[in-house]
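Q: Chains as they are written, first to last, in this note's numbering: chain A, 1 to 580; chain B, 1 to 243.
A hint or two may mislead.
Said to hold, decoys possible - Using 30 Å as the maximum straight-line C-alpha spacing, the simulated DSBU-like pairs for lysine-lysine come out as follows:
| hint | chain 1 | residue 1 | chain 2 | residue 2 |
| --- | --- | --- | --- | --- |
| 1 | A | K260 | A | K61 |
| 2 | A | K61 | A | K51 |
| 3 | B | K225 | A | K391 |
| 4 | B | K225 | A | K389 |
| 5 | A | K531 | B | K74 |
| 6 | B | K74 | A | K126 |
| 7 | A | K389 | B | K74 |
| 8 | B | K225 | B | K191 |
| 9 | B | K110 | A | K184 |
| 10 | B | K191 | A | K431 |
| 11 | A | K447 | B | K62 |
| 12 | A | K47 | B | K110 |
| 13 | B | K74 | A | K391 |
| 14 | B | K225 | A | K184 |
| 15 | A | K389 | B | K110 |
| 16 | A | K200 | A | K51 |
| 17 | A | K200 | A | K150 |
| 18 | B | K207 | A | K184 |
Said to hold, decoys possible - Among chain B residues calculated to face chain A with C-beta under 10 Å, some are:
| hint | residue |
| --- | --- |
| 19 | N187 |
| 20 | S230 |
| 21 | A235 |
Unchecked claim - Quick list of simulated restraints, FRET-style, between CB atoms:
| hint | chain 1 | residue 1 | chain 2 | residue 2 | range |
| --- | --- | --- | --- | --- | --- |
| 22 | A | K51 | B | N150 | 53 to 61 Å |
| 23 | A | N354 | B | N150 | 56 to 64 Å |
| 24 | B | D213 | A | T239 | 49 to 57 Å |
| 25 | B | G128 | A | S12 | 55 to 63 Å |
| 26 | B | D213 | A | K439 | 56 to 64 Å |
| 27 | B | H5 | A | Q114 | 19 to 27 Å |
FYI, nobody ran anything at the bench for these hints, they're computed from the structure.
Since we're looking at a predicted model, the values are computed, not measured.
Built from N, CA and C at the ideal position, the CB exists for glycine as well.
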Amino acid sequence: MTTETVQIDIDSDFMRTPEKVMRLERMGSSFPTRLSFMRTLIRRMSKENWKFERTRREVDKDGYGISVYAVTTPNRTYSLIAFTQEIPADMRTDRVIAEVWDATFSLFDGVPSQEDIDYLADNTPKQEAGRYRPSELTLSRANKSLRVFKNVVDSLSAGNQPDKDLLTSVGYLMRTSAVYGSGKFGCADRDKISDREECKAPFQIELLTVYLIRWFTIDSAEELAKERGGEKAVKLDKTTRRFIGVGNATGLGMAPFLLKHPALIHNWVVAKETALARVRSIETPIEGTLKVFLKSLLQVSQHVDEWNVEDDIQSERISCLTDEIQALRLWCENEPNILRPYPWNGIYQYVEDNFSLECQEMVVSLIIEPHGALVDDLAETMSTTEIPKFKADMSLSELKEVVADSYQWATTIDFSLGESQHHFWYYSEDKLEPRFGSKGVDDGVEKEMPLAIGRDVHDLNEKLLETSNATSLSDFVMSYPQFRHIIRRIQNTFVRPYSEVQDNLLSETMRPLDLLRFKLAFFGASKFDPKSNLWTRISMYQGAPMPDQLSEPNHDCWSFPIGGRSQSYPCINCTCQKDI
Amino acid sequence: MSKRHLTISLNEVLFYFTRAAFGVNASIGLSEDFARGNIWVSENGFDPSRCSLKALDNLDSKASSLSIKFEKTKDGGHLFCPEGKFLSSLEASSSCVDWIEVSNGSGALKISNVDSPFLVVSALGANGCLGIKVLWTDQEKNQFQVNLINNDDWEVLSSSSTLIELSSNADMLISPLTASDESNKGNIIKKFNLAEEKLKILHIGVKVEENWDAIYSYFSRCLVKSSAESRASGAGAGLVDTD
Chain A
1 MTTETVQIDI DSDFMRTPEK VMRLERMGSS FPTRLSFMRT LIRRMSKENW
51 KFERTRREVD KDGYGISVYA VTTPNRTYSL IAFTQEIPAD MRTDRVIAEV
101 WDATFSLFDG VPSQEDIDYL ADNTPKQEAG RYRPSELTLS RANKSLRVFK
151 NVVDSLSAGN QPDKDLLTSV GYLMRTSAVY GSGKFGCADR DKISDREECK
201 APFQIELLTV YLIRWFTIDS AEELAKERGG EKAVKLDKTT RRFIGVGNAT
251 GLGMAPFLLK HPALIHNWVV AKETALARVR SIETPIEGTL KVFLKSLLQV
301 SQHVDEWNVE DDIQSERISC LTDEIQALRL WCENEPNILR PYPWNGIYQY
351 VEDNFSLECQ EMVVSLIIEP HGALVDDLAE TMSTTEIPKF KADMSLSELK
401 EVVADSYQWA TTIDFSLGES QHHFWYYSED KLEPRFGSKG VDDGVEKEMP
451 LAIGRDVHDL NEKLLETSNA TSLSDFVMSY PQFRHIIRRI QNTFVRPYSE
501 VQDNLLSETM RPLDLLRFKL AFFGASKFDP KSNLWTRISM YQGAPMPDQL
551 SEPNHDCWSF PIGGRSQSYP CINCTCQKDI
Chain B
1 MSKRHLTISL NEVLFYFTRA AFGVNASIGL SEDFARGNIW VSENGFDPSR
51 CSLKALDNLD SKASSLSIKF EKTKDGGHLF CPEGKFLSSL EASSSCVDWI
101 EVSNGSGALK ISNVDSPFLV VSALGANGCL GIKVLWTDQE KNQFQVNLIN
151 NDDWEVLSSS STLIELSSNA DMLISPLTAS DESNKGNIIK KFNLAEEKLK
201 ILHIGVKVEE NWDAIYSYFS RCLVKSSAES RASGAGAGLV DTD
């Protein structure tokens, strides 16, 4: 199925409207679902029996040097080339402006020659300051969580398992701070790989990189422990290995992408919302699914208990979520509440009527989870190759109508208020770091990125209202070229109603964090740990099978993982089901 | 990134050329169109910086203008700059594509005094304007005819060995392609297949040479100077992360 053939039954009682879904507050409460891109990738790895092999490890006694981790799919091989080095502790920063990292990576398209490795050894450790070729698919880097890495290596080398509480509280050994793909710094363009089956879903090659980095971090810690402890050293136990994810620190760079790819975002959201609508429209539940859901509420309570952050707002939300999950469990224990027609809709509706957005979105994820057979096909609809075109043959009256119908959220904002145009987005000359400025405080407003969708629509609307319908659109843009980009956007988004964030992105109260969480949830990230309104840490692949666990029956059972334990409830989406 | 003889990706062409045009005060919409045109020239194996620098220089020096007028003619239309300057090929490109969409390419369009004719061709190619021919004679009396035949195939017929991307300002004529246009005698003919050229580029990258530094310089105008304050607070995170 192609993205353009997805049918949206927007009038369905079970489909949430764009006005409800595409609001920052709800977007900033998102959780991963089984359609998230990491889940899709892991299912493919398992189904296609991908082979993983460390093909090279040339490091010194402290683990510094070069390693290569290869993965072979049915059609080709990809190789993660990792470079590790010693860096001063105070040089570790998650920011784009960093200049050194504990580990740097290139994902090579195929098997690298020595010449390729030599070339990358000169470039990859420099990250943005290096140059890459179409043979490199991604560029990435990671720093250690010093506390956890040290504890794991010290413990394993002494023959012990690491401190479980410490591991659970952080969740990873190393944290990535960028994974660049799609032509960045000379790497391969997406078009080079977009017709490969394993690359068709969004961000698969970037997430493959992260998966291999996760393996690298665990492998590195175990090898270092062996180097130090000799025969006394042990490996991580199987459950702990699986629980360890890889961290990521994400900042503003993600937000512009989200705003510049509206057709793609529409497809992501439609897939998720269609999945939810399909589940809500089930009159009689598929056997066993309610039981799985009820057990998942128990697991998710513990997952939330382990989700500890310093951010006051998120802490309060987590606390509220804890109480609400407990209240939902009690409500569900009253059988008449769920043993009735359309039980999933009943559960969803009860949660929407009574609980926070955080809880609503978690329940969306939980009720979709047991319905793989019903929704997994939607994962194939989440890409697009659409390049937006300006349609000069649209009449001005038609454009006016579209703006009035689809952009009321923008035309009704009062942009004469200072608070409505408080912020602007820009690229700093400091390594092109994306930054969020305040008007009147920060310089550079005249160089702002064109991300002020609401304001631009609003200004266009003002001009349209004073222009005769007899004017052709091509004449209009010849007179007012400043509106060409926003008209093109409107022409391409009004037919994709889930493509626009229906809030003012310049508002004083706007939190870029909401955009980041929305996008990261689609990736499959968990344990959102905001460090400010502009920045968050997350865990990726926590609970996901390691390469040697992909053939196990429970390979797809890793939503809302719990420290030190694999998923406690039976999953009915894969062959691990036992008691259903 | 400000180096000569680089190899860049198509995505970098989009990123840098959009902002380079914005850096010489083109609107963001025209800048995006300009970058898409440059992707098309890159996919066809040209150096986009060689194709585009003159147009950006002209805008920057105000030798060209984005001001444009359209008038109907008996067999189609006429685009021109009302200010007596070169018509910037950035504006000419977008307006020309718009005209073809509205007219279905059925008539003839004259565009007067365009500063970089090949950029107009690039916009037509990037927007899938097919079955048309583009004719011009530049200031050095070099004659060019570009036939945009189908999705993949296009050809250049020229009276000299002058590189088409360096062709100087000219009046251009765009009209439907006829069967006889494809077999023009007495010209140097160069044929292109976009799919084949693009496949090559995806595997070797886009080579940019001596003009790249100037493109990068225009791009840099979109960057905001970093201050101690913006460095500390603009990205919302601290400067040391050891845990």
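Q: Work down the list of hints and note, for each, if the structure agrees.
A: Structure-based check of each hint:
1. A:K260 x A:K61: 46 Å, violated
2. A:K61 x A:K51: Roughly 28 Å separates the two Cα atoms, so the pair holds.
3. B:K225 x A:K391: Not OK: K225 (chain B) and K391 (chain A) at ~37 Å, beyond 30 Å, violated.
4. B:K225 x A:K389: Distance ~33 Å between K225 (chain B) and K389 (chain A) Cα, so the pair is violated.
5. A:K531 x B:K74: Violated. K531 (chain A) to K74 (chain B) sits at ~65 Å, over the 30 Å cutoff.
6. B:K74 x A:K126: Violated, at about 61 Å.
7. A:K389 x B:K74: Holds - the C-alpha atoms of K74 (chain B) and K389 (chain A) are around 29 Å apart, at most 30 Å.
8. B:K225 x B:K191: Not satisfied, since the Cα-Cα distance of roughly 46 Å exceeds 30 Å.
9. B:K110 x A:K184: 39 Å, violated
10. B:K191 x A:K431: 41 Å, violated
11. A:K447 x B:K62: 20 Å, holds
12. A:K47 x B:K110: Violated, because 58 Å separates the two Cα atoms, which is more than 30 Å.
13. B:K74 x A:K391: The given pair, whose Cα atoms are some 24 Å apart, holds under the 30 Å limit.
14. B:K225 x A:K184: With Cα atoms ~22 Å apart, K225 (chain B) and K184 (chain A) stay inside 30 Å; holds.
15. A:K389 x B:K110: The given pair, whose Cα atoms are some 23 Å apart, holds under the 30 Å limit.
16. A:K200 x A:K51: Roughly 20 Å between the alpha carbons, so the hint for K200 (chain A) and K51 (chain A) holds.
17. A:K200 x A:K150: 38 Å, violated
18. B:K207 x A:K184: 15 Å, holds
19. N187: Where the cut-off is 10 Å and the nearest Cβ of chain A is about 32 Å from N187 (chain B), the hint is violated.
20. S230: The hint holds - S230 (chain B) has a Cβ within 10 Å of chain A, the shortest such distance being about 6 Å.
21. A235: 5 Å, holds
22. A:K51 x B:N150: 53 to 61 Å: 42 Å, violated
23. A:N354 x B:N150: 56 to 64 Å: 60 Å, holds
24. B:D213 x A:T239: 49 to 57 Å: With a Cβ separation near 56 Å, D213 (chain B) and T239 (chain A) satisfy 49 to 57 Å, so the hint holds.
25. B:G128 x A:S12: 55 to 63 Å: 35 Å, violated
26. B:D213 x A:K439: 56 to 64 Å: 33 Å, violated
27. B:H5 x A:Q114: 19 to 27 Å: Given about 25 Å between the Cβ atoms, the range holds.
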